[in-house]
Amino acid sequence: MKHTSIFVAVSVALCAAAALGTGCSSTSSTAGTGGTTASSSSGSTSSTGSSSSSTSTSTSSSSSSGSGTGGSAFPAPPTIGTQIDRIGRPAVNTALNHGFDSTTAAGTAKDAYNADGTPTGWKAAYTAQFEANLAIIDALDGVCGNQLGYASGGVDGGTGASYGLLAGALTDDELYVNTAGTTCTQYLAVEANALAVAVNSDCGGRMPGYVVMDTTYSVLAIGALTGVKNGVEANNVAFPATFPYEAAPN
Amino acid sequence: MKKMTWMRGALALTVMLGASTALAADHLDGPAVKADASEDITDLFAFEDGADTVLILNVNPSATTSTMFSNTLQYVFHTTSQAKYGATATPLNIIATFDATQKISLWVGTTDYVTGTASATTGLTSASGNVKVFAGLVDDPFFFNLGGFHDAEADVEAATGLTTNAAGCPALNAATSAALIADITHNGHGTTAPVDYFAPVTGGYSGNVLSIVVSIKTSLLTSGGPILGVWGSTNTGS
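From first to last, the protein sequence lines are chains B and A. Heads up: the first sequence begins at 1 in this note's numbering, then just goes up one per residue. Heads up: the second sequence begins at 1 in this note's numbering, then just goes up one per residue.
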């Protein structure tokens, strides 16, 4: 098991280890064959039935049992339709997109953010908005200017661009996983490593047990990965360490 | 120096809660998704487990045993792989759809595919053995002391004369800041124990969501390098 228990995540101790290695692909060589051989053929085989999500399910009866090895018979994936909601890092749209705006414009903006399926345009579209919200959250500990990535004075003469580095990074609203990481203990570990905030080799990403709101508070208010807690440091029920990793319904 | 009204100050601390409803991972984060819970993403997880990468997309806040995945939506994991953070990325989408009987069809790019009933927690495995999926009702894994933040909001409302610096950061005195920090770690304005808003409440939040859990051989996802970017979406069916 690469990941650790949720209680390790609560301790939010970043591992101080070497930077990302280059020999990362050694972890999972076994899967390569089946997947790659199937890839070229599968995409072109059944172009017809894929448009309807409901019909496509009825065609292939082979896979659920895991019996055969021939992955080439499956239908082509459907074309992705109009986007409705999206998520990368938790609470980003909620907190950083018109977080201070109690007008209907906020709802419109949040819907538009959710519907925006073009990652290459996200930075230009949302950086200024995020900067304004980050500036306000920075005050939580009573100190302005100690948020992660804060640039004193601001690159454009003292406006919200002081918060531009973190704003820009957060507009790339994705979880990042270092698949070469041998442990998973820390939310935002990949970003922290890349930005030299905390050099580490953690897998990062997000596990259910990560106390992501503590990390979020800490990064935004005091410029560290830890230090501000929300008081609820674990889920109401424990997370299984194995598939499917989430607890049974209440 | 710009004057910051107490009302704006209140909103400032509401920022992490959203506009007075809930500060959630992604629950109820816009009017459109509030109107149809099946479209509403609540959480995304991505992590490593041995030779596998695990991706989890949750929807439908306060789901119950009668709640179903939509048979007209696509549930999508957008992944990119890259040599290092910020480098040129290679995309790969994982798309899940459901029929009216809740049978799932799941594509990992054009590389792998599995279809069938995936409601057993043992998972449904693809023919190649490289992909395993579960889809069904689970405990909402998000946890957060929402009440404490509502307290912080109220305390900021009581603060007056806040000003912001040139970068837009409001000035809070030490006492106000200390009170706010106490607020967010407790309920009752720092006097009682914190409460997980996303735990089940009789007659209230069910504490459950619908979840799609996909375990994929990592090598299927990392053709562009070991750093994997992941975001999730709900989309209309094509």
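Simulated from the structure, these hints should not be mistaken for lab results. Please note that a few of the clues may not be correct.
Going by beta-carbon spacing under 8 Å, a handful of chain A positions derived as facing chain B [as the list claims (entries may be wrong)]: (1) Thr-163; (2) Asn-165; (3) Thr-191; (4) Thr-192.
Derived pair list, reagent style SDA-like, types lysine to any residue, alpha-carbon separation capped at 20 Å [unchecked claim]: (5) Lys-123(B) <-> Thr-88(A); (6) Lys-229(B) <-> His-186(A); (7) Lys-229(B) <-> Lys-84(A); (8) Lys-229(B) <-> Gly-224(A); (9) Lys-229(B) <-> Thr-191(A); (10) Lys-229(B) <-> Ala-87(A); (11) Lys-229(B) <-> Thr-88(A); (12) Lys-123(B) <-> Asp-111(B); (13) Lys-229(B) <-> Ala-154(A); (14) Lys-229(B) <-> Thr-192(A); (15) Lys-123(B) <-> Thr-182(B); (16) Lys-123(B) <-> Ala-106(B); (17) Lys-84(A) <-> Asp-111(B); (18) Lys-84(A) <-> Ala-106(B); (19) Lys-123(B) <-> His-186(A); (20) Lys-84(A) <-> Gly-224(A); (21) Lys-229(B) <-> Ile-181(A); (22) Lys-229(B) <-> Gly-188(A).
The beta-carbon is built from N, C-alpha and C at its ideal position, and this holds for glycine as well.
Hint by hint, here is what the structure shows:
no.: 1; hint: Thr-163; result: violated, 11 Å
no.: 2; hint: Asn-165; result: holds, 6 Å
no.: 3; hint: Thr-191; result: violated, 12 Å
no.: 4; hint: Thr-192; result: violated, 10 Å
no.: 5; hint: Lys-123(B) <-> Thr-88(A); result: holds, 16 Å
no.: 6; hint: Lys-229(B) <-> His-186(A); result: holds, 10 Å
no.: 7; hint: Lys-229(B) <-> Lys-84(A); result: violated, 30 Å
no.: 8; hint: Lys-229(B) <-> Gly-224(A); result: violated, 36 Å
no.: 9; hint: Lys-229(B) <-> Thr-191(A); result: holds, 16 Å
no.: 10; hint: Lys-229(B) <-> Ala-87(A); result: violated, 33 Å
no.: 11; hint: Lys-229(B) <-> Thr-88(A); result: violated, 35 Å
no.: 12; hint: Lys-123(B) <-> Asp-111(B); result: holds, 17 Å
no.: 13; hint: Lys-229(B) <-> Ala-154(A); result: holds, 19 Å
no.: 14; hint: Lys-229(B) <-> Thr-192(A); result: holds, 15 Å
no.: 15; hint: Lys-123(B) <-> Thr-182(B); result: violated, 31 Å
no.: 16; hint: Lys-123(B) <-> Ala-106(B); result: holds, 19 Å
no.: 17; hint: Lys-84(A) <-> Asp-111(B); result: violated, 31 Å
no.: 18; hint: Lys-84(A) <-> Ala-106(B); result: violated, 35 Å
no.: 19; hint: Lys-123(B) <-> His-186(A); result: violated, 35 Å
no.: 20; hint: Lys-84(A) <-> Gly-224(A); result: holds, 9 Å
no.: 21; hint: Lys-229(B) <-> Ile-181(A); result: holds, 8 Å
no.: 22; hint: Lys-229(B) <-> Gly-188(A); result: holds, 16 Å
Comparing the model with each numbered hint stated earlier shows that hints 1, 3, 4, 7, 8, 10, 11, 15, 17, 18, 19 do not hold.
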